[in-house]
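Trainee: Going line by line, the protein sequences match chains A and L.
Position 304 of the first sequence, counted from 1, bears residue number 341 in the numbering used here, the numbering being contiguous throughout.
Position 92 of the second sequence, counted from 1, bears residue number 95 in the numbering used here, the numbering being contiguous throughout.
Since the hints were made in silico from the structure, they are not lab data.
Among the hints, a few may not be true.
[To be verified] With beta-carbon atoms standing in for the labels, derived distance ranges: (1) A:Gly465 to L:Glu43: 29 to 35 angstroms; (2) L:Cys140 to A:Gly179: 50 to 56 angstroms; (3) L:Lys232 to A:Ser82: 41 to 47 angstroms; (4) L:Arg35 to A:Gly465: 17 to 23 angstroms; (5) L:Cys140 to A:Met284: 48 to 54 angstroms; (6) A:Gln195 to L:Lys232: 49 to 55 angstroms; (7) L:Glu200 to A:Asp316: 40 to 46 angstroms; (8) A:Phe472 to L:Asp114: 37 to 43 angstroms.
[As the list claims (entries may be wrong)] Pulled from the structure, derived: some chain L residues nowhere near chain A, Cβ distances all over 12 angstroms: (9) Pro137; (10) Gly185; (11) Gly227.
[Stated by the list, open to error] The following residues of chain L were derived to be distant from chain A, with all beta-carbon distances above 10 angstroms: (12) Arg13; (13) Asp64; (14) Ala71; (15) Gly82; (16) Pro100; (17) Leu103; (18) Arg134; (19) His148; (20) Asp170; (21) Arg171; (22) Gly184; (23) Glu190; (24) Glu193; (25) Ser195; (26) Glu207; (27) Ile236.
Bear in mind the structure is a predicted one, so any value in this text is a computation, not a measurement.
Ideal placement from N, C-alpha and C gives every residue a C-beta, glycine not left out.
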Amino acid sequence: MTPVTFRERANLDIGTHKAAANDVSARRLHKKRAVAAAEFSAFESTRDRAREIRLHTLAHLDRYLGEFADSVERLGGNVFFAADAAEANEYVTRVAGEEGVSLAVKSKSMVTEEIELNHALEAAGVEVVESDLGEFIVQLAGDRPSHIIAPVLHKTRQDIGSLFRDELGVDYTDEASELNAIARRHLRPIFLSADMGISGVNFGVASTGSIATVTNEGNGRLTTTAPRVHVAVMGMERLVPNPADLMVMFDVLARSATGQRLSVYTNIVTGPRRPGDPDGPERLDVVIIDNGRSRVLSSSASEILACIRCGACLNVCPVYRVVGGHAYGGVYPGPVGSVLTPAMAGAEGWADLPYASTLCGACQEVCPIRIEIPRMLAELRAEMGKESGFGWLRTGLAAYSRVASHPVLWRAFLSAGAVFGKAAGRDGWIERLPFHAGNWTDYRDLPAPASESFRSWWRKNRAT
Amino acid sequence: MGDYRRIVSRVQLFVTCLVDGFFPDVGRATVRLLEAQGCEVEFPVDQTCCGQPAFNAGYRDQARSIAAHTVAVLDETEGPIVVPSGSCADMLVHHVPDLLPDDPAARRVADRVRELTAFLVDDLGVESLGRSGPDVCVTYHRSCHGLRNLGLSGQAETLLDGAGGVDRRELQGTEECCGFGGLFSIEMPEVSVAILEQKIENIEASGADVVVGGDVSCLMHIGGGLHRKGSPIAARHVAEVLAGES
């Protein structure tokens, strides 16, 4: 049976090899972030500034989108606003048709995962090859990414060595440098023969029309410069007003993501090839996607659109660490996904995601933009609780609410608990309870209620 | 935040629902600690719960009803309201005023709420308590809401280290969640205990005999996990250890 809830999906992965690999790597990334944060004395104030910029941009998004589109067009690029995934895919497929594209190479992009662009292009007869090492592995394995910046966080080097041996016919190795070299040899001719490069966009700069992408592999630079057509696909919220703001984002993004001061390749593309340029694409199309973001912008979760996709909230999340990214079901895993996915797509099928959190607050603590993820999770619970599959809480909490709002009922409730505690506890511990309370005792013991409540003791000993 | 050192004589104890019904020893220890500092402790008898279980589960009307009752009860009293729980204190300080925006009493109450260890260290200036209990080897778990939402920064550890007879061992990952998460613990029990297993590994590695915390809710989860696996390690509230009862 296909798992349909977070709990079911999580239970498939908890305790597996995959979850263990995920936990180790998430903790490693988190530790690197901590080191990078500690050595940059202006980190906290830069985070404050980054938050201001992102919230300001969202508050004036219409204006900045217009400015960005004008800037791109002035440089000779095309801009297409797509209301949803279908419109975006149709547009990119049309461009591929116009340009006679048979092979497209892609650099890493979450938004193209979101709209399932590869499927659409392949259905139109265009071969699509992922060039980000992680995405390349995902594509070879027929798997799905499990992390925003590290798609194969759930795989070990040994897993990848076996995959390359089986799928690429090479000798087994689990040396990272050799695995890299294998992928490089495989991908290099593809870069050179591809007619279209498809990239994501880390940031669009409204005032200049520039597109910034950050990678550590150089594949992004090849994707956006070698093929004669470059299609950049971006969520409509991914803007900053001007180049100075972009520098602030660079100061926090790589540090938060991988603990680097700056990613190895920080690429800023401003328009297609100009006369006299030695390289660059002849044609540039920027596809700006809504796909539910307008709905988010007018919701209680609008702040989640300020996310810059560093993945720090995943790496620190106790839930993400033990379940991995696939349990979240959607494209965006972890705390950010638990807000973004239901906020974008609606409650149907996703209403239990806001419950996939202990509300420990570690995500907000590390978020470079200080996004109030726990607050939004709690608000989404209030909005989607009925459809979450946790409706059984309602009866119990309604009764509890009545009791806890009336001191006389509360006293009676505690007295009943004390009687129950005397009767049910063996050594003061309860090992088995019926119904949903079994969700506690199936997994750990429950202390029995006290045979005398605090208030009862107070009344006998202290009350005047 | 006022300096209560000179003016405190009377404090209100908001004991929390779990301490009231499940862990009255923690309430008694809290009373003893406060009285030892010269406080006159009052217990507003009509108090019930802060409403957090309903609030975190997304049932805001139910949470509002409980919170309104609690605010009304506490607003009739005077002086600091001491809470032996970072999580319930956080609820009263941050979420209840948001739930009851039209009730000025909610803000008045929020301004008076103090988490127990922060009250002792920051408001009363206590560093050494002169504990007289059996020697004990402990490790301290920093529960999330006190740590991140109230900004507690080692007050409990200061008190433990200044108390006599307490050997405190470092807890690896002390700032990591234990996996309790309120009703999360029964909504997604497998995830909850998978996180707990990591916490228990670190507790065991610390070499301590007692894991200490400032929230009985997390301790109920941690202690329940330790007991299920037959571990000799006990889970105790910081007030119990400081009062010499552990």
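Trainee: Could you run down the list of hints and mark each one as holding or not?
Mentor: Cross-check of the supplied hints:
Roughly 32 angstroms separates the CB atoms of Gly465 of chain A and Glu43 of chain L, a value that falls within the hinted 29 to 35 angstroms. Between Cys140 of chain L and Gly179 of chain A the CB atoms are about 52 angstroms apart, so this pair conforms to the stated range of 50 to 56 angstroms. The hint said 41 to 47 angstroms for the Cβ distance between Lys232 of chain L and Ser82 of chain A, and at roughly 46 angstroms that hint holds. In this structure, Arg35 of chain L and Gly465 of chain A meet the distance hint of 17 to 23 angstroms, their C-beta atoms being roughly 22 angstroms apart.
Between Cys140 of chain L and Met284 of chain A the C-beta distance comes to about 51 angstroms, which sits within the given range of 48 to 54 angstroms. Judged by the Cβ atoms, the range 49 to 55 angstroms given for Gln195 of chain A and Lys232 of chain L is violated: they are separated by roughly 31 angstroms. Against the hinted window of 40 to 46 angstroms, the Cβ-Cβ separation of Glu200 of chain L and Asp316 of chain A comes to about 54 angstroms, which falls outside the hint. Remark: the range hint 37 to 43 angstroms for Phe472 of chain A to Asp114 of chain L is upheld by a beta-carbon distance near 41 angstroms.
The claim that Pro137 of chain L is not at the interface with chain A holds, since no C-beta of that chain comes within 12 angstroms of its own (minimum 20 angstroms). At roughly 7 angstroms from the closest C-beta of chain A, the C-beta of Gly185 of chain L falls inside 12 angstroms, breaking its exclusion from the interface. Not every Cβ of chain A is farther than 12 angstroms from the Cβ of Gly227 of chain L; the closest lies at roughly 4 angstroms, contradicting the non-interface assignment. Under the 10 angstroms C-beta cut-off, the non-interface status given to Arg13 of chain L relative to chain A holds; the minimum distance is some 13 angstroms.
Look at Asp64 of chain L: its CB is around 8 angstroms from the nearest CB on chain A, not clear of 10 angstroms, so calling it non-interface is violated. The non-interface label for Ala71 of chain L is inconsistent with chain A: the shortest C-beta to C-beta separation is roughly 8 angstroms, within 10 angstroms. No beta-carbon of chain A comes within 10 angstroms of the beta-carbon of Gly82 of chain L; the shortest separation is about 17 angstroms. The beta carbon of Pro100 of chain L sits about 14 angstroms from the closest Cβ of chain A, which is more than 10 angstroms, so the claim that it is off the interface holds.
Look at Leu103 of chain L: its CB is around 13 angstroms from the nearest CB on chain A, clear of 10 angstroms, so calling it non-interface holds up. Interface exclusion of Arg134 of chain L from chain A stands, the closest Cβ pair being 22 angstroms apart, more than 10 angstroms. Not every C-beta of chain A lies more than 10 angstroms from that of His148 of chain L, the closest at about 7 angstroms, which undercuts listing it as non-interface. With a least CB separation of 25 angstroms from chain A, Asp170 of chain L remains clear of the 10 angstroms interface cut-off, as annotated.
Taking the minimum C-beta to C-beta distance to chain A, about 23 angstroms, the non-interface status of Arg171 of chain L holds against the 10 angstroms cut. The beta carbon of Gly184 of chain L sits about 3 angstroms from the closest Cβ of chain A, which is not more than 10 angstroms, so the claim that it is off the interface is violated. Some Cβ of chain A comes within 10 angstroms of the Cβ of Glu190 of chain L; the nearest lies about 5 angstroms off, and the non-interface call is violated. The non-interface label for Glu193 of chain L is inconsistent with chain A: the shortest C-beta to C-beta separation is roughly 5 angstroms, within 10 angstroms.
Not every beta carbon of chain A lies more than 10 angstroms from that of Ser195 of chain L, the smallest distance being close to 7 angstroms; the non-interface claim is violated. With a cut of 10 angstroms on Cβ distances, Glu207 of chain L stays outside the contact zone with chain A, its closest approach being about 15 angstroms. The non-interface label for Ile236 of chain L is consistent with chain A: the shortest C-beta to C-beta separation is roughly 13 angstroms, beyond 10 angstroms.
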